[in-house]
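J.: For reference, the chains in residue letters:
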Amino acid sequence: QEKVQQSPESLIVPEGAMSSLNCTFSNSASQSIWWYQQHPGKGPEALISIFSNGNKKEGRLTVYLNRASLHVSLHIRDSQPSDSAVYLCAVNSAGNKLTFGIGTRVLVRP
Amino acid sequence: NAGVIQTPRHKVTGKGQEATLWCEPISGHSAVFWYRQTIVQGLEFLTYFRNQAPIDDSGMPKERFSAQMPNQSHSTLKIQSTQPQDSAVYLCASSLREYSGNTLYFGEGSRLIVV
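Chains R and L supply the protein sequences, listed in that same order. Under this note's numbering, the first sequence has -1 at position 7, and the numbering climbs by one with no breaks. Quick note, this note's numbering runs 9 ahead of the 1-based positions in the second sequence.
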């Protein structure tokens, strides 16, 4: 069964700084890796996904995937107070369902 | 597009009672998923449907949980004889297809509290 672990558990960054989140997964044959954002009382919302080794950039978001080390990271440039949320790493495994990590709680201080 | 709609948003039920949660997926989406979210376990997969047919229910507690999708516009999750450990936020999600490249769109969830 796929296992997804995220670090750190929580992160406090000043407005304008970079937020860096990490995720490790257990199955190198996993297909796509997703990052979701979840605000209190809301459902998770997809931010960005990556399939191939390397990096992918979308706006202020950059994702790095290294399948050999089973590691993926998310970096949010110029963090804003509205970025304060829980960030969930999710791995698409057998059966096309997503397996989620527990999440990283990010607080961006103005 | 209203997104995935879940009702009720909050439900309090007594131990041993039945709880039914409803989900209306995004129109045109062929895959519907149910997840459960708790602080301790995070998001746990329960079951999913493709074109209304049950495909994978490997995450469902077998004895008291059941899910159905009688038509393309709604799915239900029923919990019989609810227990305190069933307290959680139950999330429904839909996607255009169930392939790995397709985005999962979540509803806001149904918070179930069993007292």
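Incorrect hints may appear among the rest.
Only some residues are given here: those of chain L computed to face chain R with a beta carbon under 7 Å [to be verified]:
(1) Phe74
(2) Phe115
(3) Gly118
Computed far set for chain L versus chain R, every beta-carbon distance over 10 Å [claimed, not checked]:
(4) Val13
(5) Lys24
(6) Thr29
(7) Met69
(8) Arg73
(9) Gln77
(10) His83
(11) Lys87
(12) Asp95
(13) Ser96
(14) Leu100
(15) Ala102
(16) Gly110
(17) Thr112
(18) Glu117
No lab work stands behind these hints, which were simulated from the structure alone. For every residue, glycine included, the Cβ atom is placed at its ideal position computed from N, Cα and C.
J.: Are the hints correct? Go through all of them and say.
T.: Outcome of the hint check:
no.	hint	in the structure
1	Phe74	violated (16 Å)
2	Phe115	holds (3 Å)
3	Gly118	holds (6 Å)
4	Val13	violated (7 Å)
5	Lys24	holds (25 Å)
6	Thr29	holds (19 Å)
7	Met69	holds (12 Å)
8	Arg73	holds (21 Å)
9	Gln77	holds (18 Å)
10	His83	holds (17 Å)
11	Lys87	holds (20 Å)
12	Asp95	holds (19 Å)
13	Ser96	holds (16 Å)
14	Leu100	violated (6 Å)
15	Ala102	violated (7 Å)
16	Gly110	violated (6 Å)
17	Thr112	violated (5 Å)
18	Glu117	violated (5 Å)
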